[in-house]
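Chain A is fixed; fit chain B onto it per the hints.
Order-wise, the sequence lines are chains A and B. Under our numbering, think of the first position of the first sequence as 10, with each following residue one higher. Under our numbering, think of the first position of the second sequence as 36, with each following residue one higher.
Below are the EDC-like pairs computed for lysine to aspartate or glutamate, each with C-alpha atoms no more than 20 Å apart in a straight line:
no.: 1; chain 1: B; residue 1: K137; chain 2: A; residue 2: D269
no.: 2; chain 1: A; residue 1: K166; chain 2: A; residue 2: D178
no.: 3; chain 1: A; residue 1: K283; chain 2: B; residue 2: E121
no.: 4; chain 1: A; residue 1: K81; chain 2: A; residue 2: E58
no.: 5; chain 1: B; residue 1: K137; chain 2: A; residue 2: E265
no.: 6; chain 1: B; residue 1: K37; chain 2: B; residue 2: D82
no.: 7; chain 1: B; residue 1: K110; chain 2: B; residue 2: E149
no.: 8; chain 1: B; residue 1: K110; chain 2: B; residue 2: E75
no.: 9; chain 1: B; residue 1: K57; chain 2: A; residue 2: E252
no.: 10; chain 1: B; residue 1: K137; chain 2: A; residue 2: D277
no.: 11; chain 1: B; residue 1: K118; chain 2: A; residue 2: D277
no.: 12; chain 1: B; residue 1: K118; chain 2: A; residue 2: D222
no.: 13; chain 1: A; residue 1: K369; chain 2: A; residue 2: D294
no.: 14; chain 1: B; residue 1: K143; chain 2: A; residue 2: D269
no.: 15; chain 1: A; residue 1: K214; chain 2: A; residue 2: D178
no.: 16; chain 1: A; residue 1: K392; chain 2: A; residue 2: D382
no.: 17; chain 1: B; residue 1: K143; chain 2: A; residue 2: E265
no.: 18; chain 1: B; residue 1: K118; chain 2: A; residue 2: D280
no.: 19; chain 1: B; residue 1: K137; chain 2: A; residue 2: E230
no.: 20; chain 1: B; residue 1: K118; chain 2: A; residue 2: E230
no.: 21; chain 1: A; residue 1: K392; chain 2: A; residue 2: D277
no.: 22; chain 1: B; residue 1: K137; chain 2: A; residue 2: D280
Simulated from the structure, these hints should not be mistaken for lab results.
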Amino acid sequence: MTSIRFRMFFLLSLFTATTLTLAYVSYNTFHVFRNTRRQLEMSYVVRDEVAALNQQKPFADQLRRLQGYRAKLMPPRRMEEFSSLIQAYNEGHQANIHQRHSVFLKNEVEFQRFTREQLNYLENRLLYFAGLTMLTLAIGFIGLPLFLQRAVIKPIKSLSRKMVDFLNDRYTYQFNVPSMDEIGQMQSTFNSLAQRVISNMEQLKTLDQAKSDFLSIASHELRTPLTSIKGSLSLMRSGVVGEMNEMAANLLSIAENETDRLIRLINDILDLAKIEARKLPLTQDWNPLNQLVTVCLQSLNGLAQQAHVSLVMEAMPPIDAYMDEDRIQQVLTNLVSNAIKFSPQGGRVLVRCEVDDDSKLTVEVSDQGRGIDPQDQEAIFQKFRQATNANNPLVKGTGLGLAIARALVEQHGGEINVRSTPGEGSTFYFTLPEWRYSTGQEELVEKERAAA
Amino acid sequence: MKVLLAEDDPNISIIAKISLEKLAGHTVTVVADGEHALREALTEQFDVILLDEMMPKMNGVRVCKAYKAQSANPKPVIFLSAKSQESDIREFIEIGTGFIPKPFDPMKLAKQIEDCLKGVR
Chain A
10 MTSIRFRMFF LLSLFTATTL TLAYVSYNTF HVFRNTRRQL EMSYVVRDEV AALNQQKPFA
70 DQLRRLQGYR AKLMPPRRME EFSSLIQAYN EGHQANIHQR HSVFLKNEVE FQRFTREQLN
130 YLENRLLYFA GLTMLTLAIG FIGLPLFLQR AVIKPIKSLS RKMVDFLNDR YTYQFNVPSM
190 DEIGQMQSTF NSLAQRVISN MEQLKTLDQA KSDFLSIASH ELRTPLTSIK GSLSLMRSGV
250 VGEMNEMAAN LLSIAENETD RLIRLINDIL DLAKIEARKL PLTQDWNPLN QLVTVCLQSL
310 NGLAQQAHVS LVMEAMPPID AYMDEDRIQQ VLTNLVSNAI KFSPQGGRVL VRCEVDDDSK
370 LTVEVSDQGR GIDPQDQEAI FQKFRQATNA NNPLVKGTGL GLAIARALVE QHGGEINVRS
430 TPGEGSTFYF TLPEWRYSTG QEELVEKERA AA
Chain B
36 MKVLLAEDDP NISIIAKISL EKLAGHTVTV VADGEHALRE ALTEQFDVIL LDEMMPKMNG
96 VRVCKAYKAQ SANPKPVIFL SAKSQESDIR EFIEIGTGFI PKPFDPMKLA KQIEDCLKGV
156 R
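The following block holds chain A by itself, in its conformation from the complex (with noise of 0.2 Å):
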């Protein structure tokens, strides 16, 4: 087991468990060298004292002080010949009284002597032991951080920083052979966790490549049969094949109109798959807005005179726009044919161009149509939603125009929205971030500005 935790304990223990007893023995040695030293100074006292007793009788005073001391000398042994010298005294007998009194003074000078060597001793000791608390205290204080560095900061740093590189796209996140403690595991957890999210996006590259074959697939295989359906039906109605009779001209005429809207629900379909999975890359230019929606009118000049319908272009400022022309133009040209569309007769469709206060471009596609409903705004941008009963079956739709036309404008970085009034008509915009005044232009617009 070599676990952190473990090791830390370990270290702990041994750190404390050292402290500790080296602190005990520092004391006791304290305690010793104290009471030896307290031995020694009571010794000079009590000689002196003995030694001014000199052989006369001693006063009671003296006496008494004399026993105070007796009690505290130490070891038994100079209390036993304290005791008897002062009982000498008591008794009184002169040549007992110099004997002890000399044994006395001499044992004590002898004490002395021993004593002192003894404290040297001692102090020696303590400055031995102070010196090894010391060093453990060092060695802890140092050795404990390092420690952690090695053990805990340094992995978790490189841990981090292959996260780092990981989120960089940049896979150095294998370790070898991580250890067998925490960090081992949060290592060998990140391995996994890495291995998964690379298998995953190597699972998502798949699906997006199964999602384009599916497309490109799709896109042939889908028109190649309707392209002969097609190409039969139009052939037979050219009378090629000789003259049929009504109801056979009209079942023909069923066939290839609706054979037209599976081709054009297809391509519908296909388009939006494509911008959705970002296999559309648009081919953005600088290109003069004015010209698109001119060209875009014209086109729909046919369809907009069939329904009785206007088309009116308000004036515009010469401004260029950062996008992808033919897509613009596809956008466009849907909100014009939904206008048409969703006109009654006689009505107008007006487009304009517009640049707020807040420099935004807008384009703007208005009709004098029956209007939208709000609960139905929004839901007019999602997929097969449709608003039904269009005034005029001359624009067949499939439910996915503004489907698309919101998805490039998206692309582009804009927005597309309506607002309508039941009753009153509809007017759908759409924004372009990217655009400037045509070159050689922007003065006199400026100027137009400043005179407006």
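Relative to chain A, chain B alone:
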């Protein structure tokens, strides 16, 4: 006009054949693969050769290159293809005489061929 049509989809060849023969009065010979097309183009005399790009055995571009290399008096070659990328179209026009995108409208096919041939003269 005598037209050679190389097209592997039988339905499309029938439609193109009817369209060109009944509507425009051309004579159409149909083959279904590249090798056959090359052999036919080199042995018989045609006024124009229509090649589908995607065919078994030899694709249209290879047939066209081989035909131009081997024929003493090569006739105009027009590609029919569903490929619509600009790079493909440029290749078709460089190698052959013209390009007609698929799906084509049988009512307009003869006119499209005429336009391609006019471009040459």
